[in-house]
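Peer 1: Next come the chains, spelled out residue by residue.
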Amino acid sequence: MDRVVLDSLEPLIAVLTGMGYTVAGPTVRDGVIRFAEISSAADLPAGWTDEQNAGRYRLRRAAGPEATGSQDRLETGDASAGDGEQVFGYAASPDSAKRYTHPPRTTLFRLRDGVPEEAGREAPPIALLGVRPCDLAALAVQDRVFLGGRYPDPAYRARREALLLIAVDCATPGGTCFCASMGTGPTAVSGFDVALTELTGPHRFVAAAGSPRGAGLLAALPTRPATAADLEAAEEVGRTARTRMGRRVELDGLKERVAEAHDSPIWNETASRCLSCANCTMVCPTCFCTTVEDGADLADGTAARAERWDSCFTLGFSELGGAPVRGSGAARYRQWLTHKFSTWVDQFGGYGCVGCGRCITWCPTGIDITEELERL
Amino acid sequence: MTPTGTSAPRTAPPGVEQPGAHPMLPAPYRVRSRRPDRADTVTLALEPVRGECPPFLPGQFTMLYAPAVGEIPISISGHARGGGYVQTVRAVGAVSRALCRTGAGQIIGVRGPYGTAFDLRAAAGLDVVVAAGGLGLAPLRPVIRELAAHGSRYGRISLIVGTRTPATLLYPRELARWSRDFDVLITVDHPDRAWKGPVGLITGLVDRIVFDPRRTCAFVCGPEVMMRATAAELVRRGVPAGRVALSLERNMKCGVGRCGHCQLGPLFTCLDGPVLTYDRVAALLEVREL
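Chains as they are written, first to last, in my numbering: chain W, 1237 to 1612; chain R, 19 to 308.
Hint data in this document are derived by calculation from the structure and do not stem from the laboratory.
Bear in mind the structure is a predicted one, so any value in this text is a computation, not a measurement.
Just to be clear, a hint being listed does not mean it is correct.
Pairwise CB distance ranges (calculated) [said to hold, decoys possible]:
hint, chain 1, residue 1, chain 2, residue 2, range
1, W, Ala-1559, R, Gly-260, 22 to 32 Å
2, R, Arg-48, W, Asp-1488, 51 to 61 Å
3, W, Ala-1299, R, Glu-304, 54 to 64 Å
Computed footprint of chain W on chain R; a stretch qualifies when at least three of its residues, placed anywhere within it, have a C-beta under 8 Å from a C-beta of chain W [said to hold, decoys possible]:
hint, segment
4, 82-93
5, 249-258
6, 272-281
7, 301-307
A short, non-exhaustive set of chain R residues, derived as facing chain W with CB atoms under 7 Å [said to hold, decoys possible]:
hint, residue
8, His-40
9, Met-42
10, Leu-43
11, Pro-44
12, Pro-46
13, Val-49
14, Ala-122
15, Gly-127
16, Asn-269
Ideal Cβ positions, reconstructed from N, Cα and C, are used throughout, including at glycine.
Model the full assembly from the supplied sequences, consistent with the hints where possible.
Peer 2: This is how it looks when you write it as structure tokens:
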């Protein structure tokens, strides 16, 4: 389909709302960008950008000083507070689309008269605005986990299909980004319903449909055909973003190099800096591991079983016969990194990393996965 | 990056229910009978409350759910009369203790059977060595019953068993019966006064049974250290590593390859295992804390 130009996101949000979608998009909360329900384009973080580095995330005005952390200022979303008009002028935030397709906690079933009865599968239609290309790639990775094998998960499928994805090309990759070397960004190529490229001067969006649903959506909006100048400006966004990756990973021979490194001294060295806090796995858009929890309601006697995110960094994760198989932090870090870059390929035919850089940014001690790979 | 799945079917209108059973939903099974085996071990016969139970292969396991307590993987030890599973549980944790307490007539949850099986067809015409350590005899029971029922299909059959003490020996009556069909040797770590048999590691029994290594198939189950030692000894004697099958154990929360807990290098123990041949896992088992 030919690309078109949208001058505002307001009609997009209105049409989606009219179609019955809950629209979720980036908002400023608690000093970070987070996905939340929005009702207007004014809810988007206009003029905000971020600085990311190992163990560091700071939100600030694109054309101003760093945010002081004043909650008033951060949460008003007052567009007059900055000069910038860009609403997607920042890199990956701690939230990814995973929160919507593979929620942190889901109820699997409840006991009714002692018999397990599945919890409802109905997924409310959600339109997710501002999904980055790395996160589109991550959804594809998780699709293989939850839908690709012998035991597909119908509840995941329901959530996945109820999600309408409006992607945004990355214009301002962060200091921890390396999607270009993972081949997953910074430009959205597939896996979206609509992809936007944000342009300034004047502020506008080049839009492309990636599905019949997306085409129908664009057809319902006031758009004009993209001119050659619009398309060239959109191309330039991708070209520039590609040169601004803060990190990179050399993929050549990587899978084998990681697989053969189980005796490497770096695991112990890295473990001496690793707190086993599991932050990296919680912000990772591909990490899928879970555990189960049983709870009983003492009031009415019903019991329920829930599935929640788990992490290979916890001791209990590998517990067998009263002791963990991976008792040392070194073994746990090795498991995580080896899974991402080597055994994931054996299991699912692709890497378990999409280069979003979140694990680097949100590591409290600033452990940098790209550095660790280089040292192997 | 393989972008497979980016084109996940997206034709259904949003909010529509998806068909198909949820892989994490247990089916209700009734405990048909409960037989205490040893002080801490109970064998349950389970039958589905509705419909028929899916067939199983020797070596496969189910996820047994003790209502409101939790779920654990338990190997299948046989067919229950009238259709169902026989499963032996040792009370070691909260879930297994609850399962062991479950009485006849009570309802528990069952998912599965899951995992790979001991390949008895591969043993046709060959000598067979079955080596069981402790509770490892439970998943091998269907293998041994097949060997006992169709002994003529195989060469010389030997069963070697290691157990902590004579009192912890599993299925003693069946062992006595099987010893009429083929060589059964039992060793204990700690003998009591009445014990007249071998004492020590199960690897010590490998020298005392007769098999033609080049034409032998082995089925091994027990604690990992016992399986590694037994498999290494069989291979040292000349049994091809690809014909030594082990049944691995790892922490499992799902049984269907989605919880991530049971990974052993590239393998999901629940999907690629639990039964794997030694040639595929020897190197992995050498890596500490993998």
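Peer 1: Against each hint, give a clear statement of whether it holds in the structure.
Peer 2: Against the structure, the hints:
1. W:Ala-1559 <-> R:Gly-260: 22 to 32 Å: Distance hint for Ala-1559 of chain W, Gly-260 of chain R holds at roughly 31 Å.
2. R:Arg-48 <-> W:Asp-1488: 51 to 61 Å: holds (58 Å)
3. W:Ala-1299 <-> R:Glu-304: 54 to 64 Å: holds (58 Å)
4. 82-93: Per the Cβ count (6), the hint holds.
5. 249-258: violated (count 0)
6. 272-281: Satisfied; 8 residues make the cut.
7. 301-307: Coverage by chain W holds for the segment 301-307 of chain R (3 residues, Cβ < 8 Å).
8. His-40: Because about 5 Å separates His-40 of chain R from the closest Cβ in chain W, which is inside the 7 Å limit, the hint holds.
9. Met-42: This hint holds: Met-42 of chain R lies near chain W, its Cβ roughly 5 Å from the closest one there, short of 7 Å.
10. Leu-43: holds (5 Å)
11. Pro-44: holds (5 Å)
12. Pro-46: Check passed: Cβ of Pro-46 of chain R comes within 5 Å of chain W, closer than 7 Å.
13. Val-49: violated (12 Å)
14. Ala-122: Since chain W brings no Cβ nearer than about 15 Å to Ala-122 of chain R, farther than 7 Å, the hint is violated.
15. Gly-127: holds (5 Å)
16. Asn-269: holds (5 Å)
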